Amino acid sequence: MFLYKTNFLMRAFYSDFVWRKSEKNTIYLTFDDGPIPEITEFVLETLQRFDAKATFFCIGDNIQKNDWVFDKIIEQKHSVGNHTFNHLKGWETDDDLYLENTQKCQLVLEKQDTRVKKQEAQKLLFRPPYGRIKKSQAKVLLPDYQIVMWDVLSGDFSMDISPEKCLRKTIQYTEGGSIVVFHDSIKASKNMMFALPKFLEHFAEKGYQFKGL
Numbered sequence: 000m001f002l003y004k005t006n007f008l009m010r011a012f013y014s015d016f017v018w019r020k021s022e023k024n025t026i027y028l029t030f031d032d033g034p035i036p037e038i039t040e041f042v043l044e045t046l047q048r049f050d051a052k053a054t055f056f057c058i059g060d061n062i063q064k065n066d067w068v069f070d071k072i073i074e075q076k077h078s079v080g081n082h083t084f085n086h087l088k089g090w091e092t093d094d095d096l097y098l099e100n101t102q103k104c105q106l107v108l109e110k111q112d113t114r115v116k117k118q119e120a121q122k123l124l125f126r127p128p129y130g131r132i133k134k135s136q137a138k139v140l141l142p143d144y145q146i147v148m149w150d151v152l153s154g155d156f157s158m159d160i161s162p163e164k165c166l167r168k169t170i171q172y173t174e175g176g177s178i179v180v181f182h183d184s185i186k187a188s189k190n191m192m193f194a195l196p197k198f199l200e201h202f203a204e205k206g207y208q209f210k211g212l
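Going left to right, the sequence shown walks through residues 0 to 212 as numbering that gives the first Met the number 0 numbers them.
Do not take every clue at face value.
[As the list claims (entries may be wrong)] Ranges of calculated distance between the beta carbons of each label pair, as one might list FRET restraints: (1) PHE1 with GLY176: 17 to 23 Å; (2) GLN63 with PHE1: 25 to 31 Å; (3) LYS88 with ASP66: 21 to 27 Å.
No lab work stands behind these hints: they were computed from the structure.
Please read all numbers here as calculations on a predicted model, not as lab measurements.
Quick reminder that beta carbons are idealized off the backbone N, C-alpha and C, glycines included.
All chains should be built: construct the whole structure from the sequences, respecting the hints.
Spelled out as structure tokens, the structure:
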């Protein structure tokens with residue numbers, strides 16, 4: 000069970016997090032859990048077709064295993080963010096372990112992509128796996144990171160919805176300024192590979208542009 004559209008109460012409780020943007024003609028695509036061979040490469044090829052940019056929230060362990068795929072993300076000038084090294088669920092993880100795991104991912108990101116190193120007055124990007132993070136963990140991260148959540152969750156990871164429903168619901172709830180989540184993972188690949196090209200085509204025809212964060 001999940002919400003396609005983030006509600007006001009969630010945004011209010013975590014008001015320090017980034018949930019959406021204000022630009023009315025722009026959609027912010029994000030992809031979680033990669034990089035994965037073939038799947039992330041499919042995403043990159045699809046984005047190229049529509050001259051679209053996105054943000055990839057990467058798992059550190061996947062970067063190390065598939066560094067050549069990560070390099071393609073960088074070569075195509077997409078932005079990247081931290082998704083912990085082992086995809087930890089913050090609510091169920093000791094704070095010290097969670098923060099250590101996040102830092103481990105950050106070191107991998109910075110080694111692989113020198114753009115990631117923090118510029119003056121510019122925060123790094125972080126998305127908690129499952130969208131679950133304790134306030135105590137967030138308090139430590141917020142001085143250095145923008146914690147990026149989402150406005151629209153595609154639900155591509157769900158085995159209980161069809162590819163057609165994934166597309167229909169994601170289009171239904173997306174609007175200008177939305178931060179939209181897809182997943183470049185094996186689990187989500189069937190729904191994502193069906194929905195993403197049609198999602199991009201739909202909003203491109205309406206004059207929207209697609210940017211990274």
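Each hint tested on the structure:
A C-beta distance of roughly 21 Å is found between PHE1 and GLY176, which places it inside the suggested range of 17 to 23 Å. At roughly 29 Å, the beta-carbon separation of GLN63 and PHE1 lies within the given 25 to 31 Å, and the hint holds. At about 25 Å, the CB distance of LYS88 to ASP66 agrees with the hint of 21 to 27 Å.
Going through the hint list in order, the structure satisfies each hint without exception.
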